[in-house]
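Spelled out from the first residue to the last, the chains are:
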Amino acid sequence: MKLAKHRIHTLVVILTTSCLFGCTKYIPDDRDSFGEDISYNVTEFSPTIGRSTFYNDIVSVGPNTSQPLTFRIVNLKDADGQPVSTLFSDKFPVKVWRQMYDGTESSIEEIEAKRVVEYRPILEILEHSGNINFWNAGSSSYIRTQPDSGYTFDVEVSNSGGRRYVRGFRLKPQRERPYEPTDVDPETGLSLSPHGFASYVRGMLGQRTRGGIPASAIRVYIRKLENMPATTSKTLTLSFLDSLLNPIDPRNFNDTDWAHMVHGFNRRIEDNKVIYDVAYPIPLTRVETRYTSVGGEMARLDIGYRQRDVFGDIVRASFGYNFRIFEEGHWEIQFRFMGETPAFN
Amino acid sequence: MKIKFIRSFLVGAALLLLHVAVAQQVLIKGRITDKDKTGLGNVTISVESPKRDVGKTEDDGRFEVSVPAKSVLLFRLQGYLPLKQPLSAGKTTYNLMMESTTQELEETVVVGYQQRARSTLTGSVVSISGKEIQDIPSGNWVELLQGRVAGLNIQNNTGSPGMRGTIALRGISNINVSGSGDNAFLTPTSPLFVIDGVPVDENTGFEYGFETAGPGLSPISMIPPEDIESIDILKDAQATALYGSRGAFGVILVTTKRGNSEVPIVRYTAQTFFNAVPALRQTLGGRQERWMRVDQILRYDTTLARAFQRINDSPILADSLNPYWNNSTDWQSYFYRNTINQSHNLDISGGRQTFNYKVNMGYFDERGIIENTGLKRYTLQTNMQYRPTEQFMLMANVNSSLARNSVGSGNATMQSGVGRSVNTSSLYPAPSIFTGSMEALSALSVNDDNKTGNFVSQVEMQYEPFRGIRATSTLNFTYFASTKDRFTPELLNGNRSLLYNYYDRRNRLYNRNSLAYTKSWMHGTHLLNLFGFSEMEMTDYRAETSNLVGTVNDRFQAGLSYDTRFSGGGTLDNMTNYRSVSYAGSAMYSFKSRYIVEGTYRVDGTSTTGGASPWSYNPSVGLRWNIKEEGFAKDINWLDNALIRGTYGRNITPTGSLSDLYGWYKIDPQTYNNRPTTSLDLINAPNVNLRPQSSTQWSGAVEFGVLHNRLSFTYEAYYRQSDQILRSKPIADHNAFANVLTNETSLVNYGHEFMLNFRPKMANPDWNFTFGANAAINRDRTAALPDGVRQLLQPDGSAFDLPQLYRLGRNPLGFVLYNYEGVYLRDEDVPVNPLTGLRYRAGGTLAEGRFFRAGDPKFTDINGDYILDENDLVFVGNSQPRITGGFNTFTQYKNWSLTTSFSFTLDRDILNTALTDRFRNYADPAGVGFAGSYVPLDVYNVWRNQGDNADFPNVSDFTRLPLYNPYRYNSTLFLEDGSYLKFNSATLGYNFDRNWTRRFGISSARLYISGFNLYNFNRYSGPDPELVTALGRDASSGFPNRRSYTFGMNIQF
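First to last, the sequence lines map onto chains V and L. Note that my numbering gives residue 108 to position 99 of the first sequence, counting from 1, and the numbers run on in steps of one. Note that my numbering gives residue 544 to position 521 of the second sequence, counting from 1, and the numbers run on in steps of one.
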């Protein structure tokens, strides 16, 4: 009797458990799926040394792959197939943002409070998005630059469902070009001419002929001032030379919004030069502010004055220059009027 | 012809009335009870010699028969030992008790086309008496089964009269989602209905009504519930084995009433029911809404000047003194209404074993709670049985029903015209022809007239040449036709009237020939039952439409003249020509009724199976051990019944169509040399390897009853694998064809089912109480996907952007959403991308408006790139309920009875799309495009000011709303708990004293009031968590469920 009871009990247990557990093993595990459909839209990267370059949206993940994925750079080698020692594992100080820069900051300190120095490798992959960053650190003195074939690397993509290597990425850095626009050849580092031209001119008349001054007559020299006193804040200097290379008093450009032309502070005029304390790079980030061109890609200078035009009306004449400077330092932008000096009346 | 047939029935009935014997008669009355003094209804009373039936007992066990004096009365009822009572002279009242054989076990059930004692069943069968669903009038009685059977998940998600909600037995059987956005729907996998032994596939008609075109009524809703004797739900593979060629989703057997009383019984049921509109959605009205809009513009427009301009340019806001705009229209009141409806049913039946008959006539009229919708149903169900000898039997059914319904401007389940119209701003004037609210007006005044006819004729013959061998042949012909005539007056359709006509017909010939052999040896120690049959089905279906534009005027509502340039029509591409042939055999062996082994094998060929492997072979095995029959168990007094059973089996269901196998030709849109050309349709590549969907199921159960069977309990566990699910997959474009259909998808359901019945012993015999409860836990898991991938994201092309994600090992019907974490209280709370110094933003081209700021929703950035895009979607929730069930009670005190029924659905997630829709109306405060109704923000905790700790993000920043889309449909913000407990119905009935009613010539009378869909307990913020699509989306255009109150009466003569 007791035995029989026991028998029923065991049978019940066996029957139910065998069905429940015996069957569930046919159900596939619920783990991340890893499909064949992950691909990179960009496989060759040619960033310029000294500029932070962020390659966004370069990964496409198809319908068969579960996110989030984890990305990792592996197999970094130079073009000869030799492993790179520590170049890409060393970490360099770079400035990263803590708060959003929006152009309303009223001092260098306020800008600097929004970003901090972090140590990051020059070549970095974002862990879950697969975006690739090339930071503004290092130098062409020890990073192979074009025309060298540069480096190769693979990206390891993984989730709990598996891992895959996306192979054959090439990193071909270009040597530094610390400002834009520039005609410095990325391979040789040489430039065809030492200057650029104004981006636009509006209605400027020359002193000599009362003819219009074309943009090609305004040469723009950008140079880094090497022997400046070591201060914490860096500067941006604007200066103007007439056709005889004599300095023009910037006050002559009397219809210029000096205060809101450069996101700089402590504006002063010394030796006929306008000097701002600024934070680099210029522009600080790609966000449209009152100091940038539309879209926020370039910083925008617009320098104007009131002049009497050929009909005798007082009108605004101006010229402008859009530029970017990547390298921190004391930089000067010098405008040289070739052939004609603006007629300030 | 049909009328003649019915007439002959009526004549026969009249003759029988005259036939009542003229011998010396005495009037015998009394009451039959079981040993608990509960009255036993439906006990057959017969006289022993000459043997004939003289009547039946009432529901409370009382009877009154007129019989020859000195005869012997024989009382019989299934589940009870027959009782003989010789009449003694002078005594006319007999109160007798019938001895129960073990309660439920001796019932017989027709399973696999054979009458079987319940104690020999190895499969899982749940039976419901027709009585349980007859007190609630319904256009489709399937909705009344909700919560009554463990594992049968019914969601009554449409209140459209006559339409059916979704139904799934032991979980869904298909994971395919068709359509997109608001109109996405899950491929229906309703169980197979078998009406009086003939299979009726419910999925075809249902699917059809959903998609558009026809009236959308199914053959099932053409059966009046009053004519249903019993419903048996077959759940596992062994029970459904013999219905195999379509039984993969489970089988529901419906048996209609038969005559079985020598005294003809005339039963009349009348019901008057009042349908009430349930809770609707809250909106702001009139001045409140206008000021909300003005305030929104002033606060959020780009500049104040622009805001003033915007307000002044918008007459709906600025011209508030104009009577045209000065409104507070309650749109919902124009479309929803309370209705009074009625249902009548007359049932005449009589006869005894040699000849019996039944005629059931029904009239049902229900007006929907949405204007311009309704269902009228006229039914005539007849059957007769002739059995001159024990060897031969002939049975014939002729059923004909006609239905006329209107779905207004919507279709069978969705009312998109109404859905959009009730979502209109209250500032607009009420619908009338002068106000231009054409969509609303057409919902109200489109003339939608649908007719559905169902004609069933069936003959069954049985012959038993030798004892033990019985041959049966069944022939059934069904003709199902429906038409739709929808006329839209010219005013409502851009000055061109629109006449839409639809006509479809489905005819079906079904034949089954079977041979059964039963043999027992050694006084029943060994029992062998062999059964074999062949089955054949032919179905033709064809639907035609015409769309005639621009009749002469609105009086011409037929295709007499129309504008041929815009008109079109033809045969729809869902025509089918289906054939199937099956051969099946089964063998059952029972040893001392203790051990029962059963096996079936069937071979099915269908015309939708590809020529590569035309036949499917489906075995099944079942085992049962009646523990109580064992010697040792007989001594256990407290245990009245105990058994274990287990089954394994495989079934199929045909999927796809002939064209999926062999391809389509189509008529090209262009011509060649001005002559029409035909070419291959390049959408789906033909695939001759297609096979039917198969379902392999393991199931085990334990049942026991204790306390004299007052408490009985059943536990079942099952594992079901649906393989070879038909699914379309895209193929590379160099193949010419865009897709190919394959059978590579699989799905697994597994779960547990519990059923409990409790009938406590009452001290006072006037009281009687029964409690039944059931629950089922079900899990669905994707088991295989085309091309062997582990995951598949099926994109949604619509603005809703609600894709489906299938992943092996997971529930197939979850949601793919952005994870909402709350609201940014202040601008500084928005994370900043350390690389670029830019704030987290919504995806798309970079624009100032896309950067998140205070009051904006906080969506999780899964991949950490500070851009919210499709890489940040998460897979959450489950739109299919994990736990379903219900409980019901029956209480009786003397002549009063109270029945209640509850159902519950637990652990289910639903997406409140309707609320999203209404929040999104805030995107257009000036009402330039479509001015939608405004949700009152006070009801929801919506972000209004800096620092507000709100549940809902800022809804008012209308210039930015399209850029960052805070109220996106695919957000977990609107994912809510869809669990509910529903008070389905309650019925309070009163049985009149028979002695009193007899004075009026009425043998019994019962009055009752009942309520249906009484209350829904839930935490859902929308009106009704049940009113969601099978994919768990609360669409604005759903048809709300009625709450109905019925006053009913049953009279029997």
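Everything labelled a hint here was simulated from the structure, so no lab data went into it. One thing to keep in mind: the hints can contain errors.
Here are the simulated DMTMM-like cross-link-like pairs (lysine to aspartate or glutamate), alpha carbons at most 25 Å apart as the crow flies [said to hold, decoys possible]: (1) Lys123(V) with Asp850(L); (2) Lys752(L) with Asp39(V); (3) Lys282(V) with Asp266(V).
Non-conforming hints, listed in increasing numerical order: Of the numbered hints, all hold.
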